[in-house]
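Those sequence lines, one after another, are chains A and B. 1 is the number of the first residue of the first sequence in our numbering; add one for each residue after it. 1001 is the number of the first residue of the second sequence in our numbering; add one for each residue after it.
Simulated from the structure, these hints should not be mistaken for laboratory data. What you are looking at is a predicted structure, and each value in this text was computed from that prediction instead of being measured. Don't take every hint at face value.
Partial pick of chain B residues on the chain A-facing surface, computed with a CB cut under 10 Å [claimed, not checked]:
no.	residue
1	VAL1037
2	LYS1043
3	TRP1047
4	SER1053
5	GLY1055
6	HIS1059
7	ASP1102
8	TRP1104
9	VAL1112
Computed cross-link-like contacts, DSS-like style, restricted to lysine-lysine with a CA-CA straight-line distance of at most 25 Å [said to hold, decoys possible]:
no.	chain 1	residue 1	chain 2	residue 2
10	B	LYS1075	A	LYS41
11	A	LYS41	A	LYS72
12	A	LYS41	A	LYS106
13	B	LYS1043	A	LYS72
14	A	LYS106	A	LYS72
15	B	LYS1064	A	LYS56
16	B	LYS1043	A	LYS106
17	A	LYS106	A	LYS56
18	B	LYS1064	B	LYS1032
Every beta carbon over 10 Å from chain A, so not counted as near; a handful from chain B, in silico [unchecked claim]:
no.	residue
19	SER1056
20	ALA1060
21	THR1068
22	ASN1076
23	GLY1101
Beta carbons are placed, not taken as given, at the ideal position from N, Cα and C, and that holds for glycine.
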Amino acid sequence: QAVVTQEPSLTVSPGGTVTLTCGSSTGAVTSDNYPYWFQQKPGQAPRTLIYDTSSKHSWTPARFSGSLLGGKAALTLSGAQPEDEAEYYCLLSYSGARPVFGGGTKLTVL
Amino acid sequence: EVQLVESGGGLVQPGGSLRLSCAASGFTVSSKYMSWVRQAPGKGLEWVSVIYSGGSTYHADSVKGRFTISRDNSKNTVYLQMNSLRAEDTAVYYCARLPPGDYWGQGTLVTVSS
């Protein structure tokens, strides 16, 4: 089974920009991995922010964007707000195999 | 309004069985992909199972042969039958309309302990 890697923790200043990444042990992440990004706050269910690399749901704040960057999936937050402090998870799909979550990135807005 | 409501969690002894339910409203489960995702206490998310609109099912290697996802179209409900439960299956189990992940339930806690 593939291993999906994320930064364990990141800190961003209010109003600042930060990029979270999602790598795969099998090689470069591509659009064929259909990367997802989820936000989870303590005691709450996850909420999907990004699907299929860069598509947004109606509730996804405009300050979040998804992309592929340097062989990884990336979630960029531009103009961080205090309410963006949360755990962020990526999910990658693999042809012929089961999808795998990354270990999560704890984002602190400070 | 779309809603997913999980039920069926609780305390079960190792080796026991439990069936989780995910009652859907606002859409038809047979027309969507439905998944179960779990989260052990203090840990990250783990994908468990999916049932496609066409009826195909897939399970994570960690639960294959022990868990079975199914649905009852007449009740608009998705199930997760969990057999031969182990301590490491202890988690909050979420039902989600995934892909594309637009709706999640609030989760139901399963505790496997003697």
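Hints, verified against the model:
1. Given the 10 Å rule on beta carbons, the hint for VAL1037(B) holds: about 7 Å separates it from the nearest Cβ of chain A.
2. Residue-level restraint check for LYS1043(B) holds (minimum Cβ-Cβ distance to chain A is 9 Å; threshold 10 Å).
3. Restraint check, TRP1047(B) versus chain A: the minimum CB separation of about 5 Å is within 10 Å; hint holds.
4. Interface restraint check for SER1053(B): the shortest CB-CB distance to chain A comes to about 17 Å, outside 10 Å, so the restraint is violated.
5. The criterion of a C-beta within 10 Å of any C-beta in chain A is not met by GLY1055(B), whose closest approach is roughly 18 Å, and the hint is violated.
6. About 8 Å separates the beta-carbon of HIS1059(B) from the nearest beta-carbon of chain A, less than 10 Å, and the hint is met.
7. Interface hint at ASP1102(B): satisfied, since its Cβ lies 6 Å from the closest Cβ of chain A, which is below the 10 Å cut-off.
8. For TRP1104(B), the interface hint holds, the least distance from its beta-carbon to any beta-carbon of chain A being 5 Å, beneath 10 Å.
9. Given the 10 Å rule on beta carbons, the hint for VAL1112(B) is violated: about 21 Å separates it from the nearest Cβ of chain A.
10. Between LYS1075(B) and LYS41(A) the alpha-carbon distance is near 31 Å, which puts this suggested pair outside the 25 Å criterion.
11. A threshold of 25 Å between alpha carbons decides the hint, and for LYS41(A) with LYS72(A) the separation of about 24 Å falls inside it, so the pair holds.
12. Between the alpha carbons of LYS41(A) and LYS106(A) the distance comes to roughly 10 Å, so the proposed pair stays at or under 25 Å and holds.
13. Restraint check: the Cα-Cα separation between LYS1043(B) and LYS72(A) comes to about 23 Å, which is no more than 25 Å; the hinted pair holds.
14. Taking the CA atoms of LYS106(A) and LYS72(A), the gap is near 18 Å; set against the 25 Å cutoff, the hint holds.
15. A threshold of 25 Å between alpha carbons decides the hint, and for LYS1064(B) with LYS56(A) the separation of about 32 Å lies outside it, so the pair is violated.
16. Distance check on the hinted pair: LYS1043(B) and LYS106(A) sit about 12 Å apart at the alpha-carbon level, within 25 Å; holds.
17. This hinted pair checks out: LYS106(A) and LYS56(A) have alpha carbons roughly 21 Å apart, not beyond 25 Å.
18. Between LYS1064(B) and LYS1032(B) the alpha-carbon distance is near 22 Å, which keeps this suggested pair within the 25 Å criterion.
19. Interface exclusion of SER1056(B) from chain A stands, the closest Cβ pair being 13 Å apart, more than 10 Å.
20. With a cut of 10 Å on Cβ distances, ALA1060(B) falls inside the contact zone with chain A, its closest approach being about 5 Å.
21. Every CB of chain A is more than 10 Å from the CB of THR1068(B) (nearest about 15 Å), matching its label as outside the interface.
22. A cut-off of 10 Å between C-beta atoms confirms that ASN1076(B) is not in contact with chain A; the least separation is 20 Å.
23. Not every CB of chain A is more than 10 Å from the CB of GLY1101(B) (nearest about 3 Å), against its label as outside the interface.
Checked against the numbered hints listed earlier, the structure breaks hints 4, 5, 9, 10, 15, 20, 23; every other hint is satisfied.
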